[in-house]
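A.B. asks: Given the coordinates of chain A, assemble chains B and C onto it according to the supplied hints.
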Amino acid sequence: MTENSVIFKGNRDGIIIYLDENIAYEDLKYELNKKLKDSSTFFGDTSATIYFHGRRLTSFQEEELTYLVKNNTNLKVNFFLENHQKYDNNEIELQKINSNNKIIRNYKKENEENTKKQEKPKFRKSLEEKIIDATSHFKNRNKKDKNIEKLNLSNTKYHKGSLRNGMSLSFDGSVVIVGDVNPGAEIISVGNVIVLGSLKGVVHAGYTNNQEAFVAAICFNPTQIRIADLITYIPKEKRVLDAPKMAYIENSKIYISDL
Amino acid sequence: MSEVIVITSGKGGVGKTTASANIGMSLATKGYTVALLDADIGLRNLDVVMGLENRIVYDIVDVVDGNCRIKQALIKDKRNPNLFLLPAAQTKDKEAVLPGQMQKLCSSLKEDFDYVIIDCPAGIERGFKNAISGADKAIVITTPEVSAVRDADRIIGLLEANNLSNPKLILNRIRMDMVNRGDMMTLEDITEILAIDVLGVVPDDESVIISTNRGEPAVLDIKSRAGQAFRDISARISGEDVPFMDLNTKENLFDKLKKAFS
Amino acid sequence: MENLSLIFGKKKSSKSVAKDRLKLVLVSDRINCNDQMFINLKNDVLKTISNYLEIDENAFEIEIINSEKEESPIINAQVPIKNVKFRA
Numbered sequence: 001m002t003e004n005s006v007i008f009k010g011n012r013d014g015i016i017i018y019l020d021e022n023i024a025y026e027d028l029k030y031e032l033n034k035k036l037k038d039s040s041t042f043f044g045d046t047s048a049t050i051y052f053h054g055r056r057l058t059s060f061q062e063e064e065l066t067y068l069v070k071n072n073t074n075l076k077v078n079f080f081l082e083n084h085q086k087y088d089n090n091e092i093e094l095q096k097i098n099s100n101n102k103i104i105r106n107y108k109k110e111n112e113e114n115t116k117k118q119e120k121p122k123f124r125k126s127l128e129e130k131i132i133d134a135t136s137h138f139k140n141r142n143k144k145d146k147n148i149e150k151l152n153l154s155n156t157k158y159h160k161g162s163l164r165n166g167m168s169l170s171f172d173g174s175v176v177i178v179g180d181v182n183p184g185a186e187i188i189s190v191g192n193v194i195v196l197g198s199l200k201g202v203v204h205a206g207y208t209n210n211q212e213a214f215v216a217a218i219c220f221n222p223t224q225i226r227i228a229d230l231i232t233y234i235p236k237e238k239r240v241l242d243a244p245k246m247a248y249i250e251n252s253k254i255y256i257s258d259l
Numbered sequence: 001m002s003e004v005i006v007i008t009s010g011k012g013g014v015g016k017t018t019a020s021a022n023i024g025m026s027l028a029t030k031g032y033t034v035a036l037l038d039a040d041i042g043l044r045n046l047d048v049v050m051g052l053e054n055r056i057v058y059d060i061v062d063v064v065d066g067n068c069r070i071k072q073a074l075i076k077d078k079r080n081p082n083l084f085l086l087p088a089a090q091t092k093d094k095e096a097v098l099p100g101q102m103q104k105l106c107s108s109l110k111e112d113f114d115y116v117i118i119d120c121p122a123g124i125e126r127g128f129k130n131a132i133s134g135a136d137k138a139i140v141i142t143t144p145e146v147s148a149v150r151d152a153d154r155i156i157g158l159l160e161a162n163n164l165s166n167p168k169l170i171l172n173r174i175r176m177d178m179v180n181r182g183d184m185m186t187l188e189d190i191t192e193i194l195a196i197d198v199l200g201v202v203p204d205d206e207s208v209i210i211s212t213n214r215g216e217p218a219v220l221d222i223k224s225r226a227g228q229a230f231r232d233i234s235a236r237i238s239g240e241d242v243p244f245m246d247l248n249t250k251e252n253l254f255d256k257l258k259k260a261f262s
Numbered sequence: 001m002e003n004l005s006l007i008f009g010k011k012k013s014s015k016s017v018a019k020d021r022l023k024l025v026l027v028s029d030r031i032n033c034n035d036q037m038f039i040n041l042k043n044d045v046l047k048t049i050s051n052y053l054e055i056d057e058n059a060f061e062i063e064i065i066n067s068e069k070e071e072s073p074i075i076n077a078q079v080p081i082k083n084v085k086f087r088a
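Residue numbers (the numbering used here), protein chains in the order written: chain A, 1 to 259; chain B, 1 to 262; chain C, 1 to 88.
Worth flagging that the hints you see were computed from the coordinates, not collected in a lab.
Residues of chain C placed beyond 10 Å of chain B at every Cβ, according to the derived structure:
{"no.": "1", "residue": "Leu-46"}
{"no.": "2", "residue": "Leu-53"}
{"no.": "3", "residue": "Asn-83"}
List time: in silico DSS-like cross-link candidates among lysine-lysine, alpha-carbon distance up to 25 Å:
{"no.": "4", "chain 1": "B", "residue 1": "Lys-137", "chain 2": "B", "residue 2": "Lys-30"}
{"no.": "5", "chain 1": "B", "residue 1": "Lys-92", "chain 2": "C", "residue 2": "Lys-23"}
{"no.": "6", "chain 1": "C", "residue 1": "Lys-19", "chain 2": "B", "residue 2": "Lys-223"}
As the structure is a prediction and not an experimental result, all values here were calculated from the model.
Yeah, the Cβ is synthetic: ideal placement off N, Cα and C, and Gly gets one too.
Next up, chain A with everything else stripped away, as it sits in the complex:
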């Protein structure tokens, strides 16, 4: 029966739409449309990440189905991810982006505080946007993808070399440092800051008030870390030298977690 050809499953990370891979695409479309109409009040105005799962879709099909979701619900759709490997009721595992185009993130550890939230934490959405954006951009380079246009791609400045004591780098966009940031050096970015080396200076991401910005470094040891309008530092007891970490805002606080 076609009734089970489209199944919605929600969890704290988003909504997964299971698509039957055997029925005809047109039937699938019809089913999805129907289910969405029936469920639109249920979803309400939430912002959610939608995952299509279970069926290979062409770009065109993906676009159509996305359009259906957007049109039939008030859901604010952030992006679409297809083909994740595993799904469990309370956790999703994505693979980390590397050159083979796999996406990893194990949300189990970091999500312990968010069990009550239905909505996906803002920071993680923004991170996913930027990471996924790289893959879907790659996939769709010959096609204009509306999703990509809607994602805010910031300008990124790539700085090769280290920043010494006394140097200050400000940029109206994200910053990637291929080198170290020594104590006494300063980075001010409207967007995100990534240091492919040791971060020991002062960093301000998301200047002045972009709560979605993050800071990441291979050796994360800043003198002081600032994101948007929050400032903090790592107290001596919690300092771990030479560990890769990232910092982001969650619940109006700056969180630092292992990469």
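C.D. replies: The following block gives chains B and C in isolation, referenced to the frame of chain A:
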């Protein structure tokens, strides 16, 4: 080809003046003609460390103001005819000289000397700017202390921004007993942060204080280990390939010679 | 202790050498830096000499220099005499 080398550090008290005196004296001993230039106007010290303080008649400000010729201001060292000192002024301050004037002065000195060694004042203001304006190369001195290394990093940044690329490092006053206990940073710790080539490492040595007391640079004392380190550094500056001293032994050159002849 | 060493012809301890040199160098620095004192000195010397001799005040010059021969700084004065004021 003449070279103007500025010896700088950022932080005060890490050994710029000592290094300038010893490197200058040592290069002169090797046969090179050397002009030492004290750029610390208002707080002159190179004259005292060299033991030439009562021979000062004219100083750098007199030269720059045209009150005398360079040759009148240069003090010849009685121990070595290759070595001359151009003292700083004591009654003026760093505003008395402009970077352009320093550049001109260094160009003139280059005509008559193989090496011009400039003792840079501490800080990053006018004194520093003056001192580097005539230089071809820079040496950065630091001690193995957090504050000194941090300032050295700043200085390196400023040097590189002023076309004095590839400054060389002298790590001064290292104490191997503390290093071995883990209580002092090592050369590797410091080069990891500063990321510049190493010219030499100088051990903390009482003989440096005694030599300053007398106004006799430590390189003239065969028993001084710091003196030996500075002699090696000068050799490297002049192009020789000298292996680094073994800092873990307490032997000095005198002991080694004794051994060799016993 | 120091005196004994001198008597027996031993070299002075480096710290005594240091102290002596430091005293001299500070005298020199202090004189050179103390402009007001110098001006007062010049005026007083001029006044005192004028009590005995008529001198050309415009050509009167006093300077403190480090002489190569002496160990400490010396005062060098140029006092052009016009006439004697007192006769014995």
